[in-house]
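Each chain is listed here by its residues.
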Amino acid sequence: MERTFLIKNPSVMIFIALLAVFTIAVTLLSEGLGTGFVSTAMVKTLGMTLCFCLIAIAMDLVWGYCGILSLGHFAFFGLGGYMIGMWLMYARTEDIVIASLAGADLPPTDQEIVDAIGTQIFGVVGSSEFPWVWAFADSLLIQLILVVAVPGLLALVFGWLAFRSRVTGVYLSILTQAMTLALALYLFQNDSGLRGNNGLSGLQNIPGLAHVPQSVLSVWFLWASAVALALGYIFAAWVVSGKFGSVIRGIRDDEARVRFLGYPVEAYKLFVFTVTAVMAGIAGALYYPQAGIINPAEVAPIASIYLAVWVAIGGRGRLYGAVIGAAFVSLLSSWFTGGRVPNIDLGFYTIEWVSWWQVALGLSFVLVTLFAPKGIGGLFDLLVRRQTPDRHGADLGPDTGSLREKEAET
Amino acid sequence: MSTLLEVSGVSVSFDGFRAINNLSFNIDEAELRAIIGPNGAGKTTFMDIVTGKTRPDEGQVLWGETSTSLLRLSESQIARAGVGRKFQRPTVFEDQSVEDNLLLALKKNRSPFGVLAFKKSIDDAGAITKLAEEIGLGDQLTRKAGELSHGQKQWLEIGMLLAQDPQLLLVDEPAAGMTLAEREHTTDILKKAAETRAVVVVEHDMEFVRRLDCKVTVLHEGSVLAEGSLDHVTQNQDVIDVYLGR
Numbered sequence: 009m010e011r012t013f014l015i016k017n018p019s020v021m022i023f024i025a026l027l028a029v030f031t032i033a034v035t036l037l038s039e040g041l042g043t044g045f046v047s048t049a050m051v052k053t054l055g056m057t058l059c060f061c062l063i064a065i066a067m068d069l070v071w072g073y074c075g076i077l078s079l080g081h082f083a084f085f086g087l088g089g090y091m092i093g094m095w096l097m098y099a100r101t102e103d104i105v106i107a108s109l110a111g112a113d114l115p116p117t118d119q120e121i122v123d124a125i126g127t128q129i130f131g132v133v134g135s136s137e138f139p140w141v142w143a144f145a146d147s148l149l150i151q152l153i154l155v156v157a158v159p160g161l162l163a164l165v166f167g168w169l170a171f172r173s174r175v176t177g178v179y180l181s182i183l184t185q186a187m188t189l190a191l192a193l194y195l196f197q198n199d200s201g202l203r204g205n206n207g208l209s210g211l212q213n214i215p216g217l218a219h220v221p222q223s224v225l226s227v228w229f230l231w232a233s234a235v236a237l238a239l240g241y242i243f244a245a246w247v248v249s250g251k252f253g254s255v256i257r258g259i260r261d262d263e264a265r266v267r268f269l270g271y272p273v274e275a276y277k278l279f280v281f282t283v284t285a286v287m288a289g290i291a292g293a294l295y296y297p298q299a300g301i302i303n304p305a306e307v308a309p310i311a312s313i314y315l316a317v318w319v320a321i322g323g324r325g326r327l328y329g330a331v332i333g334a335a336f337v338s339l340l341s342s343w344f345t346g347g348r349v350p351n352i353d354l355g356f357y358t359i360e361w362v363s364w365w366q367v368a369l370g371l372s373f374v375l376v377t378l379f380a381p382k383g384i385g386g387l388f389d390l391l392v393r394r395q396t397p398d399r400h401g402a403d404l405g406p407d408t409g410s411l412r413e414k415e416a417e418t
Numbered sequence: 038m039s040t041l042l043e044v045s046g047v048s049v050s051f052d053g054f055r056a057i058n059n060l061s062f063n064i065d066e067a068e069l070r071a072i073i074g075p076n077g078a079g080k081t082t083f084m085d086i087v088t089g090k091t092r093p094d095e096g097q098v099l100w101g102e103t104s105t106s107l108l109r110l111s112e113s114q115i116a117r118a119g120v121g122r123k124f125q126r127p128t129v130f131e132d133q134s135v136e137d138n139l140l141l142a143l144k145k146n147r148s149p150f151g152v153l154a155f156k157k158s159i160d161d162a163g164a165i166t167k168l169a170e171e172i173g174l175g176d177q178l179t180r181k182a183g184e185l186s187h188g189q190k191q192w193l194e195i196g197m198l199l200a201q202d203p204q205l206l207l208v209d210e211p212a213a214g215m216t217l218a219e220r221e222h223t224t225d226i227l228k229k230a231a232e233t234r235a236v237v238v239v240e241h242d243m244e245f246v247r248r249l250d251c252k253v254t255v256l257h258e259g260s261v262l263a264e265g266s267l268d269h270v271t272q273n274q275d276v277i278d279v280y281l282g283r
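Residue numbers (our numbering), protein chains in the order written: chain A, 9 to 418; chain B, 38 to 283.
Mixed in with the good hints there might be a few duds.
[Claimed, not checked] Dumping the calculated DSSO-like pairs for lysine-lysine here, alpha-carbon to alpha-carbon at most 27 Å: (1) A:K414 x A:K16; (2) B:K228 x B:K145; (3) B:K90 x B:K144; (4) B:K145 x A:K251; (5) B:K157 x B:K144; (6) A:K251 x B:K90; (7) B:K167 x B:K229; (8) B:K167 x B:K145; (9) B:K167 x B:K157; (10) B:K144 x A:K251; (11) B:K157 x B:K145; (12) B:K144 x B:K156; (13) B:K144 x A:K16; (14) A:K16 x B:K167; (15) B:K252 x B:K229; (16) A:K251 x B:K156; (17) A:K251 x B:K157; (18) A:K16 x B:K157; (19) A:K251 x A:K16; (20) B:K145 x B:K229; (21) B:K228 x B:K252; (22) B:K144 x B:K228; (23) B:K144 x B:K229; (24) B:K252 x B:K90; (25) A:K414 x A:K251; (26) B:K228 x B:K167; (27) B:K145 x B:K156; (28) B:K156 x B:K167; (29) A:K251 x B:K167; (30) B:K167 x B:K144; (31) B:K145 x B:K90; (32) B:K156 x A:K16; (33) B:K145 x A:K16.
If you are wondering where the hints come from, they were derived from the structure by calculation, not from laboratory data.
Excised from the complex, chain B in its bound form (with noise of 0.2 Å):
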């Protein structure tokens, strides 16, 4: 299987203080993997470098079967690519309703003229109906995304990302503030996804990262300090030093 994305030799720094220090990753193009590691090991500046968000100071990002660079890209323009991102709190259009928010994500023509010129077709609302129920929303379709609950909103999210279709999901501690059920269907979705495409679930809770059951990275001061199952990171010395230890 050949590589989706692949970061090599990424560096970068904030006032100073480096944040990614030659961090190097690669994932395949349908693969599930969780990255864990402890507060400021480079886990969210990791997935703003991917996302264009954050410039590394050196190193690369390729992208693909084509290996394009991901460094010279927009946010936009590597979104539009395949790289869809999740993010640590529920960030959905709370003034708008499920149905809007899942039709702003679906995979469809984003130029200005474009949307101006779209109109929803019927294999659009079928795909959001499809989509909503999916995520435990089919009745709340017309509701306000703002109304819904914490969990609900993270299902929505999750239900955009899965709308916009990527080949490469950025998932952050997808699970927090879940019930022990809301986590078991989350579970369900990201294993499900994963099937036709890369997932990267950055995680704190160990139980969680247990329960996706794949390859895990350890980060540590901006870099990889181990790689493998779950069961084989959790045994490495330098990894019970660092994280597991405490």
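Next comes chain A alone, as it looks inside the complex (with noise of 0.2 Å):
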């Protein structure tokens, strides 16, 4: 079984074995390991674009595969991070208030250690008190389950409404941003408990590991984050390359064909809406330890929306084309935003790419849908001399997700 499934999927080796190079590259060229050729800073960056590409393949599952497209995935990673957040922040602010109140004439009581992390956490919001949604935070392996459970149940409930009244299409994409648009309204308020704007700071110190330097801390997430992506193409790939993958693409193309054969629609669409949430809740519970801070600025709708612009690009439909296009997009946005790459003086105006980024952007988005649909992955296309059929321009399903004339293969 497990032979056939990799001869069937030779991406899953190559993917791997690629990703095996870059991570040893990496390790190797590090500050904390190696060579010291790559910044600490790149390093996380990288171990970040990782993390990027595991919620990429999420959306490339639900979407490029099952035909939904959700813009609310962000939502799910977000709420990852702020599971795991919660703990790294208690469990760090608990080491300083006991290192602190050490040097006491009597020794605190567990009250007073509480209160005090209470002061320390919520000050910036003008409160001390722990409010119920840090029940569990002082417990690592209970926020671990939350990284699943959270993004898992809200997906669930979410999906169980929007799927079970037949929401499809663009209504469904809206229903989702306006999901992620409440959960950031809700966030940004000081009482939702999560110290609104403020959000989780100091994500980027681990409790109990405060003598191994960052530099060394950020190669360990930069593993991680690449055996959970591994892990995650796997499956992905797994999940869609048996009769599973036939049935979600069948509902992709044409959803009441699959319905009249027998199979509850309703049902494939909740499985898979909620298994890539909890797919993004991890890849956000590794993401957010490397940048050091969560914000509900992060779920914002306009970061759905570049997932879903990561997957176009990249080429949906195919899983290492969303891994491509969301390292390729997301590090040549940091590299433009980040100021590094010269403006253009055209004498009458200067063309600055901090700002000018989202332009360009938008623009190839848009170059990509009308011209070349499989985007980059595409290219792998002329190498291996797959042929698109020529169906006189018809997409292969009534279905507005269906796959296009020029995305599929003869």
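Put the complex together from the two separate chains, hints included.
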């Protein structure tokens, strides 16, 4: 079984090999464990990029394979980040508080420690009480469970309501945007219990690992992200290669037909939506300790739209396309917005890439959708001489998310 | 022989237009039936009601020995209960191979977890090969369904219906766009299927209906106008007036 799976999916082996080479190379060039050619900040950027690749795979599953254009998956990414962030912040503040109270004449009681942690964390929002959402913040295990449980549960409830009412196409996309916007607005409130627009910070300091320098920690997180990405890729490839993949591609192209074959379409959509939300949550939980800070702006609607842009530019409906798109666009984006790209002086106007980058990205998105629907992943088709069918412009199914002529293979 | 499907007193209207008007219809467990009628007689709406796509305003649709009502079931539940439907235009999964199309239709566990754990057995492969040969696509298994000709797609869809192994087959204009030889083959397949199950064929083409050689139901303005052998109904004065006489 395992052998046939790998033979049927040669991209899995190639992908894992390339990912391993990349991770080992970065490790050997890092400041912490290697020659120091790659800065710690760069290692973190690369690690975070791998997390983006993981959520892009989730997006490809839900959009490229199942035809659900979700524009809300960054809500799940952010929730995963918040869940791990709560433990990171609590445990680290606890360490600091215990250290500062150690010099006192009387040893502090447990309640005093908890109160002091509360004052430290919630001082910025004018409070010192722990809101109920922090009930388990002192337990790493429970917060790790919540990393998958909270995004999964939200996706389950949201998806159940939406799919049961047969909301599809652009209406569903708008609904998912509304969901992530509502979450962002809720988190922006100071009394949401997650420090309002301050968000959670200092997440790069891992409690109990204070003696490990950031240069080494960054490499550890790079490896953790790479392993998660590899597992996510194998899982997604396994899901789409079998009969399940056949069913969800059927749903993408012609949902009504799948229903008349006796498949409970809504259950399949709900399954895919929830599983991908969990993947997004895990990606977020690995991302934010590297980013160091999470705030409600991270789950703003635009983030999820970017995710769709990555997958579209990389090439939807193929897993490596999503990975390439996410890596390429997000790295390019951080290069442009980082102010390291020389401005173009036109004499009468200077193009500053920091602000013009978004225009360039938007334009390339439109161009890719119009003229190269296969995205960057389509370049591999030139190598293997994969051909698209000549259907005189007809899509492969009646549904809005169905595969287009140029995306298909003969 | 006992009744498989019993539709009684069903009415449905769309924006005031009565598409189905107090329609009653029965079919036995192993029977071939043709439904004819002019455009707008309610043939497709009738199929929509039986398959759960349209909910009637009144009346009941009872199914099987236990006489369960189909009106409370969803489309996929009705399909799993044993109602298979072939649409007017061929609808196959064009981006997937002939083999995958047949595998999707093959009667197996339909739940997400069941499908996730599914592994194709040698029996399944054998069943698919046999079906593909029956519908004349034995050497096309690996081809994408989108590449097939119109007639081949029609057959693939019939093959998918047979793979579902339904107790009731609803077939909408199976012969549309087929050559004479293909029509004869289609007639044979349908007649053979009707030996073990109920088959309802909606057809415009009188010649094709004659070849099916079965009981005919004539629909007009959403209700049954006449029922009987083809010769019987074609001599009915009402039928001649509304349908044949034009």
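A quick look at each hint next to the structure:
1. Taken as a hint, the K414 (chain A) and K16 (chain A) pair is honoured in the structure, with Cα atoms around 23 Å apart against an allowance of 27 Å.
2. Distance restraint check for K228 (chain B) and K145 (chain B): the Cα-Cα separation of roughly 25 Å lies within the 27 Å cut-off, and the hinted pair is therefore satisfied.
3. Between the alpha carbons of K90 (chain B) and K144 (chain B) the distance comes to roughly 21 Å, so the proposed pair stays at or under 27 Å and holds.
4. A C-alpha spacing of about 11 Å is found between K145 (chain B) and K251 (chain A), which places the hinted pair at or below 27 Å, so the restraint holds.
5. Annotation: proposed proximity of K157 (chain B) to K144 (chain B) holds, straight-line Cα distance about 12 Å (limit 27 Å).
6. Proximity of K251 (chain A) to K90 (chain B) is assessed by CA-CA distance (about 25 Å); at most 27 Å being required, the pair is judged to hold.
7. For the proposed pair K167 (chain B) and K229 (chain B), the alpha carbon gap of about 15 Å is at most 27 Å, so the pair holds.
8. Using a Cα cut-off of 27 Å, the hinted pair K167 (chain B) and K145 (chain B) holds, with the two alpha carbons roughly 17 Å apart.
9. In summary, the hint linking K167 (chain B) to K157 (chain B) is supported, as the alpha carbons are separated by about 15 Å, within the 27 Å threshold.
10. A C-alpha spacing of about 13 Å is found between K144 (chain B) and K251 (chain A), which places the hinted pair at or below 27 Å, so the restraint holds.
11. For the proposed pair K157 (chain B) and K145 (chain B), the alpha carbon gap of about 11 Å is at most 27 Å, so the pair holds.
12. As the CA atoms of K144 (chain B) and K156 (chain B) are separated by approximately 14 Å, the hinted pair is consistent with the 27 Å bound.
13. Simply put, K144 (chain B) and K16 (chain A) have alpha-carbon atoms about 25 Å apart, close enough for the 27 Å limit, and the pair holds.
14. Using a Cα cut-off of 27 Å, the hinted pair K16 (chain A) and K167 (chain B) holds, with the two alpha carbons roughly 24 Å apart.
15. Of the pairs offered as hints, the one joining K252 (chain B) and K229 (chain B) holds, with about 16 Å between alpha carbons and a cut-off of 27 Å not exceeded.
16. For the given pair, K251 (chain A) sits about 8 Å from K156 (chain B) by alpha-carbon distance, which is consistent with the 27 Å threshold.
17. With a C-alpha separation of about 9 Å, the suggested pair K251 (chain A) and K157 (chain B) falls inside the 27 Å cut-off, and the hint holds.
18. A threshold of 27 Å between alpha carbons decides the hint, and for K16 (chain A) with K157 (chain B) the separation of about 14 Å falls inside it, so the pair holds.
19. In summary, the hint linking K251 (chain A) to K16 (chain A) is supported, as the alpha carbons are separated by about 13 Å, within the 27 Å threshold.
20. A hinted pair counts as satisfied when its Cα atoms are at most 27 Å apart, and K145 (chain B) with K229 (chain B) qualifies at roughly 23 Å.
21. With a CA separation close to 12 Å, the supplied pair K228 (chain B) and K252 (chain B) stays within the 27 Å bound.
22. With a C-alpha separation of about 21 Å, the suggested pair K144 (chain B) and K228 (chain B) falls inside the 27 Å cut-off, and the hint holds.
23. Only pairs whose Cα atoms come within 27 Å are accepted, and K144 (chain B) paired with K229 (chain B) is accepted, the gap being roughly 19 Å.
24. Distance check on the hinted pair: K252 (chain B) and K90 (chain B) sit about 26 Å apart at the alpha-carbon level, within 27 Å; holds.
25. Distance check on the hinted pair: K414 (chain A) and K251 (chain A) sit about 24 Å apart at the alpha-carbon level, within 27 Å; holds.
26. Distance hint between K228 (chain B) and K167 (chain B) is fulfilled; the C-alpha atoms sit about 18 Å from each other, no more than 27 Å.
27. Between K145 (chain B) and K156 (chain B), the direct Cα distance comes to roughly 11 Å. Compliance with the 27 Å bound is thereby established for this hinted pair.
28. Of the pairs offered as hints, the one joining K156 (chain B) and K167 (chain B) holds, with about 19 Å between alpha carbons and a cut-off of 27 Å not exceeded.
29. Between K251 (chain A) and K167 (chain B), the direct Cα distance comes to roughly 20 Å. Compliance with the 27 Å bound is thereby established for this hinted pair.
30. Our distance criterion of 27 Å between C-alpha atoms is met by K167 (chain B) and K144 (chain B), whose separation comes to about 15 Å.
31. Using a Cα cut-off of 27 Å, the hinted pair K145 (chain B) and K90 (chain B) holds, with the two alpha carbons roughly 23 Å apart.
32. This hinted pair checks out: K156 (chain B) and K16 (chain A) have alpha carbons roughly 14 Å apart, not beyond 27 Å.
33. Proposed proximity of K145 (chain B) and K16 (chain A) is supported: the alpha carbons are some 23 Å apart, at most 27 Å.
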